[in-house]
Amino acid sequence: MSQWQPIETAPKDGTMFIGWVSAERHSQIDGEGSGYGHDTSEADFCQWKAVVSHPDGGYFDNMMGQIGDAQAVTHWIPIPPPPTTQPEIQKGNADLVEPVKCDSCKGKGILAPVMQWEDALQCPRCLGTGRVGA
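Mapping to the working numbering: the sequence shown position 58 is 411, numbers consecutive.
Hint data in this document are derived by calculation from the structure and do not stem from the laboratory.
One should not assume that every hint holds.
Said to hold, decoys possible - Dumping the calculated EDC-like pairs for lysine to aspartate or glutamate here, alpha-carbon to alpha-carbon at most 20 Å:
| id | residue 1 | residue 2 |
| --- | --- | --- |
| 1 | Lys-402 | Asp-456 |
| 2 | Lys-402 | Asp-414 |
| 3 | Lys-365 | Asp-409 |
| 4 | Lys-402 | Glu-361 |
| 5 | Lys-365 | Asp-422 |
| 6 | Lys-365 | Asp-397 |
To be verified - Label pairs and their calculated CB-CB ranges:
| id | residue 1 | residue 2 | range |
| --- | --- | --- | --- |
| 7 | Asp-409 | Val-453 | 53 to 63 Å |
| 8 | Gln-419 | Ser-355 | 23 to 33 Å |
| 9 | Pro-431 | Pro-408 | 22 to 32 Å |
| 10 | Ser-457 | Gln-356 | 51 to 61 Å |
| 11 | Pro-408 | Pro-452 | 57 to 67 Å |
| 12 | Thr-438 | Lys-365 | 49 to 59 Å |
From a predicted model like this one, the values you see are computed outputs, not experimental measurements.
The C-beta atom is built at its ideal place from N, Cα and C for all residues, glycine as well.
Taking the hints into account, I'd like the entire structure generated from these sequences.
This is the structure we're talking about:
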């Protein structure tokens with residue numbers, strides 16, 4: 354995976370990326386003038402917003418919106434590609450992922466044809482569902 358890069362090198366074509374939003378929330382003890390504050394910085398999805406009237410032609414916008422009284426996107430990293438391998442549970446256990454028809458009862462859920470439903474003997478392999486691996 355790539356390393357964090359300065360925001361000045363981020364794409365300005367609308368491509369979404371992960372940005373570091375450096376933010377601070379000011380104290381409300383004395384009307385926000387106390388000088389006390391706390392860091393509310395976080396990673397967020399970001400992209401360039403082109404604005405003709407903006408001095409720089411636009412700005413980097415974070416999708417979460419305002420997270421601090423003072424904030425700026427300072428660094429960025431590309432969004433990694435999606436996983437290409439199956440989750441661990443699927444490897445070698447395909448029948449656990451997609452249920453298949455029970456071969457003991459041929460998907461009927463009972464072992465033998467019966468005249469009355471009350472007399473039906475539930476299939477012990479699929480527990481009467483007719484499917485295994487669910």
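Against the structure, the hints:
1. Lys-402 with Asp-456: violated (58 Å)
2. Lys-402 with Asp-414: Holds. Lys-402 to Asp-414 sits at ~6 Å (cutoff 20 Å).
3. Lys-365 with Asp-409: It holds: about 11 Å lies between the C-alpha atoms, which stays within 20 Å.
4. Lys-402 with Glu-361: holds (14 Å)
5. Lys-365 with Asp-422: Violated, because 25 Å separates the two Cα atoms, which is more than 20 Å.
6. Lys-365 with Asp-397: Distance ~17 Å between Lys-365 and Asp-397 Cα, so the pair holds.
7. Asp-409 with Val-453: 53 to 63 Å: The hint (53 to 63 Å, Cβ to Cβ) holds, given that Asp-409 and Val-453 are roughly 59 Å apart.
8. Gln-419 with Ser-355: 23 to 33 Å: Hint holds: Cβ distance 27 Å, inside 23 to 33 Å.
9. Pro-431 with Pro-408: 22 to 32 Å: holds (27 Å)
10. Ser-457 with Gln-356: 51 to 61 Å: Since Ser-457 and Gln-356 have Cβ atoms about 56 Å apart, the given range 51 to 61 Å holds.
11. Pro-408 with Pro-452: 57 to 67 Å: Since Pro-408 and Pro-452 have Cβ atoms about 60 Å apart, the given range 57 to 67 Å holds.
12. Thr-438 with Lys-365: 49 to 59 Å: Violated, since Thr-438 and Lys-365 (Cβ atoms, about 33 Å apart) do not stay within the stated range.
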